[in-house]
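Chains as they are written, first to last, in the UniProt record's numbering: chain A, 1 to 406; chain B, 1 to 406.
These aren't lab readings, by the way, just hints derived from the structure by calculation. It should be emphasised that the depicted structure is a prediction, and the values quoted were computed from it without experimental measurement. Worth double-checking, as some hints may not be accurate.
Just so you know, same-sequence chains aren't split out, so a pair can sit in one copy or run between any two.
Cross-link-like lysine-lysine pairs, in silico, BS3-like; alpha carbons within 27 Å at most [claimed, not checked]:
{"id": "1", "residue 1": "K238", "residue 2": "K406"}
{"id": "2", "residue 1": "K31", "residue 2": "K201"}
{"id": "3", "residue 1": "K174", "residue 2": "K200"}
{"id": "4", "residue 1": "K406", "residue 2": "K180"}
{"id": "5", "residue 1": "K174", "residue 2": "K91"}
{"id": "6", "residue 1": "K109", "residue 2": "K330"}
{"id": "7", "residue 1": "K329", "residue 2": "K13"}
{"id": "8", "residue 1": "K179", "residue 2": "K293"}
{"id": "9", "residue 1": "K91", "residue 2": "K332"}
{"id": "10", "residue 1": "K75", "residue 2": "K39"}
{"id": "11", "residue 1": "K8", "residue 2": "K329"}
{"id": "12", "residue 1": "K95", "residue 2": "K75"}
{"id": "13", "residue 1": "K31", "residue 2": "K236"}
{"id": "14", "residue 1": "K200", "residue 2": "K320"}
{"id": "15", "residue 1": "K293", "residue 2": "K332"}
{"id": "16", "residue 1": "K406", "residue 2": "K78"}
{"id": "17", "residue 1": "K238", "residue 2": "K78"}
{"id": "18", "residue 1": "K201", "residue 2": "K151"}
{"id": "19", "residue 1": "K332", "residue 2": "K179"}
{"id": "20", "residue 1": "K174", "residue 2": "K236"}
Number of protein chains: 2
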Amino acid sequence: MFLTELIKLSEAKRILNENQIILDGEIIDLKDSYLRVLKDDIYSKHDSPPFDKSAMDGYAVIAEDTFTSSPNNIKVLKIIDRIGAGNYSEKTIEKGEAIKVATGSPVPKGGNAVLMEEYTISNGENLEIHGAVTPSENIAPQGEDIKVGEKILEKNTILRSQEMGLIASGGYGKAEVYKKPLVKLIVTGNELVEPGSTLKKAEVINSNKFTITGMLKSLGLDVEIDHSHDEIQELKEKILNSTDEYDVIITTGGTAISKGDIVIDVIEDVGEVLFHGVAIRPGKPFGFGVVNKTPVFMLSGYPVAAMGQFDTLVREYLLKMQNITFNPKKHKRISNVKIPSSLGRTDFVRAYSTDESVEHALNKGSGIIKSMVEANSYLIIDENKEGIEKGETVEIIYFELLNLNK
Amino acid sequence: MFLTELIKLSEAKRILNENQIILDGEIIDLKDSYLRVLKDDIYSKHDSPPFDKSAMDGYAVIAEDTFTSSPNNIKVLKIIDRIGAGNYSEKTIEKGEAIKVATGSPVPKGGNAVLMEEYTISNGENLEIHGAVTPSENIAPQGEDIKVGEKILEKNTILRSQEMGLIASGGYGKAEVYKKPLVKLIVTGNELVEPGSTLKKAEVINSNKFTITGMLKSLGLDVEIDHSHDEIQELKEKILNSTDEYDVIITTGGTAISKGDIVIDVIEDVGEVLFHGVAIRPGKPFGFGVVNKTPVFMLSGYPVAAMGQFDTLVREYLLKMQNITFNPKKHKRISNVKIPSSLGRTDFVRAYSTDESVEHALNKGSGIIKSMVEANSYLIIDENKEGIEKGETVEIIYFELLNLNK
């Protein structure tokens, strides 16, 4: 298959969206749920606080016993028990009695207020009180913050540490979340070798394996990596053997039109290529297909093109598999440089942005990964624009905002 | 030990800094290096490109053979070989000859330029050429982007996907990075139980275990969790048994002054408490100590206080153990609310920030974790300020910028 006609990025996204798979749920231990996505609403099994709770260190009392007390009118109560946080008292406070409590203690039966410690002097069983409290003063009533049965989290929430704590407080030690996609990466190319000290003839180090592993990690995903030579039968088998076990296949290399560029042809043969060639720069030779219902993202073999394709066309799909909407915040910056572009093509210029302005990451247009290291953002030139002028306000996306990070 | 005198946050940070431990290096597989921190500078073992590389699909030629050719002066060369990316030709181009190459191919010996395919018509072995190229045209020369021996990354770089790729391209399949701290969390409290459907008497669900696990995950760290009752001997043993195996101990609970608040006393007994009580809100009852050279962070038992303490006093230390400087970006926002504060105390108000303004996450001052769920940021009231006015420009930190995320 030849890369003859390029489709616009917007059209490529439409096709991806039409073929979006959203995975099922699975129940996992809550402690493993960081950055996972809730499948259902969560309702609390408990009131919070679960009991009338003292909000102060002091004495649980019957408020009416304190009403007229003051430094000039000291009353004396009888201390019948002392409890710390985590303990409770079996005793019931009767008229004239008090129980020492800590912040967080359950207020013992009979008590209806907590008198702060600083308004008291204790002497054995005797408690001199120098101040008054009104009923319910210094008590956080049961269910004040969360009522049993109350919805505490909405489905599709991405779980941060605080949501994990809230789910625990609601009485759940497990959570139902969307499955994470299992990803198979098949790096293609006869020329590829592992990193090492010597390179023979046309050998090229397989760096895509590492960049794509890193990009998947930035979405919280692991990957199983394989390598295929540019041999139709070998690649065909590797693809077909992966569709059962994995939710997504990503390939690199073999998406151009040169001799040996076989990936598109193989996918067309064993499944369907839905598009090949997108009007983006970098990353034009990108393909998307489906084999045995498994989506296959065909990236370029060029590291920077593959990264750009991943950022532009793959991240959104992978996140949506967990029902996460990918919508990285764009910032406006003044461009320090003029950059030409073609109408109909979307450019993702590797750029270095400050709080005010943006420019190319490198002076020269380099195809290599060093430019991605020097960049911190993409400067986006929309498909409806023919380049940008120096001094123009443009949109950028910081690389770190592409990651799954809440 | 009693929480009598509070030290300022700036003083607490000074003491933490004086007791900062930076861990040793370890050599790991490059594919596992995402968000790890380089221990040393990295120098490339290779030129990049590793050979003179064709930048176009076309024909490697001797430029001089093409000099006068044009659509009106078509010359004919002899095609002696054809190679795709990843392959190379053993042949040497002699005067009057050409070899077909793909983008990325090594330029065969003898050739000094690549003529783009569109200026040619091939017919068997014959290649009609309709254009001229100058020497070195359409060739990316060996070492153009990276020279062998060139420093490609500085020590202390946090590795993203592109740095992983660059290290691979430099010839390394492993990387020396700072060790990640091994963290032991000891949650204390007789009252704590696992999440479940029923709560008896003073029982409280152990939510700190989950929030702190989540916060550690946000720094790329795992944690080993234990639970101790409020028993001096039990806690002492758990602390002492952890100092050999772990780089950091974090405790929750037992840092106030109530009966049963034993953590500070235990650390004082088996090691040294360097400070206890910090003028921050929330999170005043925070302690820091050292036992057998192992730093011990003593957090409050209250989930929101513990989270605030972690964000304020623990993250920076843990990151610095890997030689990462923690400096989350602060944004300026207009406060929609007046918030009182005390001179000398730093407040971290759970807040909801938009692109323009900020307000409390909850109307009421709540001690519970729900407020952290509703918030997306901290509004910071510096220790040198007595509160903020409605309409005042204030500093906020988005929660997600507290995480390790590049």
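I'd like to know which numbered hints this structure contradicts. Please list them from smallest to largest. 1, 5, 6, 9, 10, 14, 15, 16, 17, 19 and 20
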